[in-house]
Structure formats: structure tokens, C-alpha cells
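Please arrange chain B on chain A, whose structure you already have, making use of the hints.
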Amino acid sequence: MALVSVKDLHKSFGELEVLKGIDLEIEAGEVVSIIGRSGSGKSTLLRCLNQLERHDWGTIVLADQRLDGTAMSPGELSRNVGMVFQSFNLFPHKTVVENVMLAPVVVKQTPRDEARRIAESVLAKVGMSEKVDAYPAQLSGGQQQRVAIARALAMNPKVLLCDEVTSALDPELVGEVLRVLEDLASEGMTLILVTHEMKFARDVSDRVVFMHQGRIHESGDPQTLFSQPRTPELSQFIASVL
Amino acid sequence: MTDFTLWDIVRNLLLAGRWTVVLSLIAFAGGALVGLVLTLLRMGGLKPIRWLIRLYVDLFQGTPLLMQLFLAYFGAAALGFDVSAWTAASVALTLFTSAFLCDIWRGCVEAVPSGQWQASRVLGLNYLQSMRHVILPQALRLAVPPTVGFSVQVIKGTALASVIGFVELTKAGTMLNNAAFAPFTIFALVALGYFILCYPLSRYARHLEKKLYGAGIR
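Chains A and B supply the protein sequences, listed in that same order. Here my numbering is used: the first residue of the first sequence is -14, the next is one more, and so on. Here my numbering is used: the first residue of the second sequence is 11, the next is one more, and so on.
This is chain A alone, in the form it adopts within the complex:
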């Protein structure tokens, strides 16, 4: 059984149908990049996977549990799915280490000293050990995003969703965040990324999914997909971003 299994997923915002029937299976340890033009529904798909958006129709099964509104509480869901946002969304009134400790302490009721150890180890993993007591405002964008990744990892999720995590960064800061994601991928973390970093999608992903007008238009292993696109839409898209 796949770790994430999406069947016939539909989602509309008012009159606008954003997802028009998505089928997607993702195995544990897989790295999947979702690419496509803005408005193609890729972020909405990602947000349905952790129920930041409720889907209208279809099923999402995650680690053998169905996600349908009330089936999984936010607390349970957060143990399975972590998310990193484009705009970091760190808590500005808390230090780096407090940001990372909050969910383990409040949601999992981990004792504070143990939560602190967990926080320090995930912060070491993203190379932020030096800055544990800094406030987010004192960090660069790349550093903030690495803390946000550590904050998600502290809940030990089975899958990490990344929603355009480098789009808000200055070009010279993109690399440090992508390197962290690459490390995670090589350690076997399941990653689902919505991204505009085509080089990263090609080099690190096991599979690339191209979305177009609310559907999965084409998907496959990155080498073939980028070098031999089967549809004109994908060729045009690749031509426009490369």
C-alpha cells in the first residue's frame, strides 16, 4: 500500500474548479516534484493533503488512514504530515528553539527537556545549531526557511510537504535550503514539493508530476519527462521555464 494515495480528488473555490479529478500514489521514501503554471492547482493539491483545504470529492488515504474532515484530528494529522510554506511562517515572538519545541510540547506533550533535545538535533540537521536562541527577525530568509523545515521535522512526520519553499528567497539563499532538502531526500524522507526549481526537480526527484488546468497532465521519471515531453503543454512549459 502506498504511503499517500489520492483518488479522484475534486476541489472548487466557488464556481472555479481547481482540481478536476486527481489520482496520485506516492510510496514511502519517494521524492515527488509537482510542477506547472500558476493556477494549475498544484498548491491546492498540496494543501488538500494536509487538509488546510477540504476537498469536495474523492479520497485521500495517508498511512492507511482516510483523511475526511473529522477522521483525523489536527494533532494526529501533524504526526503524519509536515508542511513548509513559501513565506516561512515562523512564530516571530518565539526564539528558534522555541519555534521548534512548541508543537512537540503542546501537541505531543513531550517533556520540555526531551523536546529541547529533539529540537537541537533537528536544528543541527539543518545547520542552525548556532542560532538556537535567535529570533526569526534576526535571521536571513534562507536561515528562517531552514528553521521552518526543522520545526516540521520535530514532529517526526512520515511525509513532508514543501510549498514553493524557495520562491520567497533571494537567489543566493536558495542553495542552502535545497541542500537541506537534498539531505532529507537521501536519508529516505518522503517529500512532496511544489517547485519552480526545475534543476532541483530534475536532479533530486524520483518522479515529476506536471499539472495543467486542474489535472495531472503528465508524470514520470524526471530524465524522460524533461528530455522527451509527450504533450505540447509540457514542452511549452519546459521551454518557458528553462
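What the hints contain is simulated information worked out from the structure, not anything from laboratory work. No residue lacks a Cβ here, since even glycine has one placed at the ideal position from N, Cα and C. Misleading hints may appear alongside valid ones.
Label-pair distances were calculated between CB atoms; the ranges are [to be verified]:
#1 B:R213 with A:E0: 52 to 60 Å
#2 A:D168 with B:R142: 31 to 39 Å
#3 B:P74 with A:E61: 49 to 57 Å
#4 B:P74 with A:H(-5): 50 to 58 Å
#5 B:S124 with A:A122: 15 to 23 Å
#6 A:I223 with B:P147: 39 to 47 Å
#7 B:R213 with A:S23: 20 to 28 Å
#8 B:M77 with A:S23: 31 to 39 Å
#9 A:R39 with B:I59: 19 to 27 Å
#10 A:E61 with B:L89: 50 to 58 Å
#11 A:S58 with B:P74: 46 to 54 Å
#12 A:Q198 with B:L150: 18 to 26 Å
#13 B:I59 with A:H181: 18 to 26 Å
Here is chain B on its own, set in the frame of chain A:
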């Protein structure tokens, strides 16, 4: 007027000024308490409750404080309740303050970016946990300067309680003037009294604002 020395006037104003301070404190403490409950109800509550609170806020913001005092004092009397000027002034000012604070604080909670809600949500925090650990601490920092600033309005608002016979700074000034007839001196002193109470608060609010925005919170 010859029997009144300047010291007599100042002494009497100072004595009455105590009641301005006490009434301000009551109005502010009571208003903060009621305002906090209203804010929390308005944010999490059911639609009819939110609508009622909205109406309450609009009513108190949309009518003069003077009318609210009249209604609390004469209106209650007309309905057969025997209320003292103390009670009427305290109640009217408390309700007036709560309506404004409720609106100020709602704005502060809404000013916390929605990304903060989403981040707490995906980390597994429920509504109350998000409020307590993420949203309220940030809203509180935003709320302090406008709240302190509004306390100045409450202090000046107590002057209107003089029209229902509550003897505070303004009423004492009027009474002294009736006896001593030195309007310029007396009302200048009354104004100075309010200024001494309000100026430090305004300064403090401005200082807090600078500190808040200077720290680069957002």
C-alpha cells in the same frame, strides 16, 4: 471671591481629582474585563452572538457618551431603579470602554497574519492552543499601544460624568467657580489636572509604539 486663596482652589480640585482617577480606573478595569470576554466571544462564537456583539459595539461607538450617561442615570430612574451618580457613571463608562476595547482588540487579533494560523494548524495545534501560544501573544503586543492610548479617552470621558452630578474634577471646577468666580484660573487648573493625568499615558503609548515597531516584529 476674596475668601478663596489659590491654595483653596487647588486643594479642592485635588480632592475631587481623586474621584476622576477612581472612576477612570473602574471604567478601564471593568471595560477591559467586559471587552476581553466580548472579543473572545466575537472571534470564536456563533453567528448570532457575533452579530449581537457587533451591534453592541456599533451602538456604543455611534452614540455620544453624554447620551449614554443620561440614559444610564435618568433612564434607569425612569424605569424605577434608584441609581446613584456613582453607579450610573461607572456602568456607562464601563460599557463605553468595553465597546471600544473590543473593537481595538479584534483588530489586533485579525492583524496577526493568516500564515500564523496555518503554521499552527499544520503543526497540529487546535483552535485554543493556536490562540494561546501563537495568536494572542502576538495580538497582545500589537494591542498595548492603542489600549494605553485609549485610556486617555476614558480619563477625559469621565469629565462628562459631571453632568449627572458626579463630583469629579470638572464638576468641582464648576462648583468652585460658582463660589469664587475666577473662571480662567479655575478652568485652567482643571485642564492642567487632566493634562497631568493624560500626558504621561500618551507619552507611554508613543514609547510602546516605537518599541514595538522598532523591534521589527513583522
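Results of checking the hints against the structure:
1. B:R213 with A:E0: 52 to 60 Å: holds, 53 Å
2. A:D168 with B:R142: 31 to 39 Å: Given about 34 Å between the Cβ atoms, the range holds.
3. B:P74 with A:E61: 49 to 57 Å: holds, 54 Å
4. B:P74 with A:H(-5): 50 to 58 Å: holds, 54 Å
5. B:S124 with A:A122: 15 to 23 Å: holds, 19 Å
6. A:I223 with B:P147: 39 to 47 Å: About 46 Å separates the Cβ atoms of I223 (chain A) and P147 (chain B), which means 39 to 47 Å holds.
7. B:R213 with A:S23: 20 to 28 Å: violated, 49 Å
8. B:M77 with A:S23: 31 to 39 Å: violated, 54 Å
9. A:R39 with B:I59: 19 to 27 Å: holds, 24 Å
10. A:E61 with B:L89: 50 to 58 Å: holds, 55 Å
11. A:S58 with B:P74: 46 to 54 Å: Because 49 Å falls inside the window, the suggested range holds.
12. A:Q198 with B:L150: 18 to 26 Å: Since the Cβ atoms of Q198 (chain A) and L150 (chain B) sit about 45 Å apart, the hinted range of 18 to 26 Å is violated.
13. B:I59 with A:H181: 18 to 26 Å: violated, 44 Å
Of the numbered hints given earlier, the model fails hints 7, 8, 12, 13; all others are met.
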